[in-house]
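Note that the protein sequences, when read in sequence, are chains A and B. Quick note on our numbering: the first sequence kicks off at 1 and runs consecutively. Quick note on our numbering: the second sequence kicks off at 1 and runs consecutively.
Incorrect hints may appear among the rest.
To spell it out: a stretch of chain B is covered by chain A in this simulated footprint if at least three of its residues, at any positions, have a beta carbon under 8 angstroms from a beta carbon of chain A; those stretches are [stated by the list, open to error]:
1) 22-35
2) 89-103
3) 108-116
4) 123-135
Label pairs and their computed distance ranges (CB to CB) [unchecked claim]:
5) B:V55 x A:D327: 58 to 68 angstroms
6) A:G19 x B:G111: 29 to 39 angstroms
7) B:G111 x A:K20: 30 to 40 angstroms
8) B:A124 x A:E316: 23 to 33 angstroms
9) A:N298 x B:G111: 55 to 65 angstroms
10) A:K20 x B:R20: 29 to 39 angstroms
11) B:A124 x A:T321: 21 to 31 angstroms
12) B:E86 x A:T138: 48 to 58 angstroms
13) B:A124 x A:I3: 44 to 54 angstroms
14) B:V55 x A:E248: 51 to 61 angstroms
15) A:G19 x B:R20: 54 to 64 angstroms
16) A:T275 x B:R20: 55 to 65 angstroms
Because the hints were derived from the structure by calculation, they are not lab data. Glycine included, each C-beta is placed from N, C-alpha and C at the ideal position.
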Amino acid sequence: MDIKAIRSQFPILDQEVNGKPLVYLDSAATSQKPLSVIESIEKYYREYNSNVHRGVHTLGTKATDGFEGARDKVRKFINAASREEVIFTRGTTTSLNIVASSYGRANCKEGDEIVVTYMEHHSNLIPWQQVAKATGATLKYIPLQEDGTITLEDVENTITERTKIVAITHVSNVLGTINPIKEIAKIAHANGAVIVVDGAQGAPHVKVDVQDLDVDFYALSGHKMCGPTGIGVLYGKKELLEKMEPVEFGGEMIDFVNLYDSTWKELPWKFEAGTPSIAQAIGLGAAIDFLEEIGMENIHQHEYNLVEYALKKLSEIEGITIFGPLDAAKKGGVVTFNIDGVHPHDVSTALDMEGIAIRAGHHCAQPLMKVLNQTATARASFYLYNTKEDIDALAAGLVKAKEFFSNVF
Amino acid sequence: MSFNQLDSLYRQVIMDHYKRPRNKGVLEDSSLIIDMNNPTCGDRIRLTMKEEDGVIKDVMFEGEGCSISMSSASMMTSIVKGKDVETALKLAHIFSEMIQGREYDDSIDLGDIEALQGVSKFPARIKCATLAWKALEKGLQHEHDEKK
């Protein structure tokens with residue numbers, strides 16, 4: 001991978017923040033966008049902005065082709081069996097909410113179980129809490145190991161014949177843990193349950209093949225994988241999606257509308273009420289082209305190298321605690337840590353003065369923070385445009401911050 | 001810029017309040033308990049207050065958060081203790097103006113609190129500084145409204 005060439009595609013990286021070159025280590029929150037994505041959006045608005053699926057005029061056709069073309073790119077990217085299985089949404093949160101509100105409520109009843117993990121982002125937890133409350137189903141947690149992983153033995157013991165849904169993250173946004181989705185899917189299916197995967201931190205970083213993983217639902221966000229905000233995907237197996245009721249109603253999603261009832265369009269449009277995020281879908285398509293040209297395997301290898309280096313550099317700093325697996329092979333491009341006696345907000349502000357952007361807080365995973373016995377943590381996250389020099393800057397900034405706060409104390 | 005600017009944020013007096021917080025704990029005979037948190041970052045505070053005849057007789061805080069939020073809570077409890085409700089609410093308003101970098105009424109001596117003025121230049125941290133004051137306002141305004 002030619003990092004210099006890749007970085008030159010991201011104009012935002014070429015700037016100073018607080019007098020220092022920007023070191024962007026917050027891609028798990030949102031990734032930066034390459035020129036090709038920015039330009040694809042601009043081109044749409046400049047040249048063929050129009051609504052999709054209705055006008056018979058030329059621009060309308062071009063917009064529809066662009067929008068539906070993006071769907072084909074997503075299908076290929078995650079290797080879905082058909083384009084009907086790819087639903088455009090606002091993002092991972094919306095995708096997961098559709099599954100919970102539609103499939104979850106229709107298929108859970110009192111005595112049933114919904115299985116999750118302690119490492120779920122709030123977006124793959126609260127929708128299930130709500131389904132459990134509404135249906136009388138029980139929410140169960142797969143135990144978390146000391147190193148931030150889960151074991152297949154625990155998965156086997158937690159999932160039972162009463163389990164209807166297993167909702168799990170592909171890659172933890174805090175611990176970085178990569179979960180063995182394929183094996184968990186097997187266990188879920190053997191018990192008659194479906195598996196719903198939060199792929200917000202998975203799809204941007206590792207090759208996803210929904211057929212090989214044999215997942216029933218997979219949710220992802222465009223903005224974490226070099227695309228724009230406001231666009232995401234819900235993948236679902238056709239036979240499941242066909243049986244599901246839409247959660248939003250209105251234009252775009254109907255077939256025939258009568259005075260007292262209506263019928264729905266076929267998949268995937270049944271779940272796409274209203275004018276969709278057209279420019280954003282086209283931007284996501286451009287992002288996928290960009291990622292595929294570099295190759296997901298190459299991106300994953302690059303992040304593996306960065307994580308391995310970061311774990312080594314950070315663990316050399318006295319007083320730093322790292323959360324999650326310490327083995328780079330078990331995790332995505334995320335390193336979460338705390339410095340003894342310095343609150344992560346203070347760490348983050350100090351690093352910001354050095355031009356280094358990290359995230360501090362509970363990372364939308366309050367239950368996990370409780371398990372880790374932390375109120376907040378600092379997180380550095382990497383992507384294809386990050387370099388070892390970025391990590392050197394982070395390590396140097398942390399040493400400086402540590403010294404600063406030990407002096408003022 | 002760089003770390004020199006950090007000194008303007010983390011003044012000695014702020015770190016002193018963080019390291020040796022005043023009025024930290026839970027008041028046994030409180031008349032008001034206010035819980036407040038900052039959901040975006042996980043900071044949380046519990047204020048326990050004893051208010052009699054419109055005067056804050058005693059106030060303590062307990063919670064978790066960064067140096068800015070905890071030192072601000074320490075300073076807030078120090079200044080409002082013994083003040084009447086009206087003055088305390090006025091101070092909350094003055095603090096809010098100051099922390100946002102606006103012109104503020106300087107007729108009341110803010111003492112240590114003025115050290116937090118530098119926070120106004122760190123927009124991402126303003127919410128940290130205001131947490132304790134927001135809790136105070138919530139508690140006192142509730143009292144205020146009930147008596148109306």
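Hints versus structure:
| no. | hint | result |
| --- | --- | --- |
| 1 | 22-35 | violated (count 0) |
| 2 | 89-103 | violated (count 0) |
| 3 | 108-116 | violated (count 0) |
| 4 | 123-135 | holds (count 3) |
| 5 | B:V55 x A:D327: 58 to 68 angstroms | 60 angstroms, holds |
| 6 | A:G19 x B:G111: 29 to 39 angstroms | 33 angstroms, holds |
| 7 | B:G111 x A:K20: 30 to 40 angstroms | 35 angstroms, holds |
| 8 | B:A124 x A:E316: 23 to 33 angstroms | 29 angstroms, holds |
| 9 | A:N298 x B:G111: 55 to 65 angstroms | 59 angstroms, holds |
| 10 | A:K20 x B:R20: 29 to 39 angstroms | 33 angstroms, holds |
| 11 | B:A124 x A:T321: 21 to 31 angstroms | 24 angstroms, holds |
| 12 | B:E86 x A:T138: 48 to 58 angstroms | 52 angstroms, holds |
| 13 | B:A124 x A:I3: 44 to 54 angstroms | 29 angstroms, violated |
| 14 | B:V55 x A:E248: 51 to 61 angstroms | 54 angstroms, holds |
| 15 | A:G19 x B:R20: 54 to 64 angstroms | 33 angstroms, violated |
| 16 | A:T275 x B:R20: 55 to 65 angstroms | 58 angstroms, holds |
In the structure shown, a violation is registered for the earlier hints numbered 1, 2, 3, 13 and 15, in ascending order.
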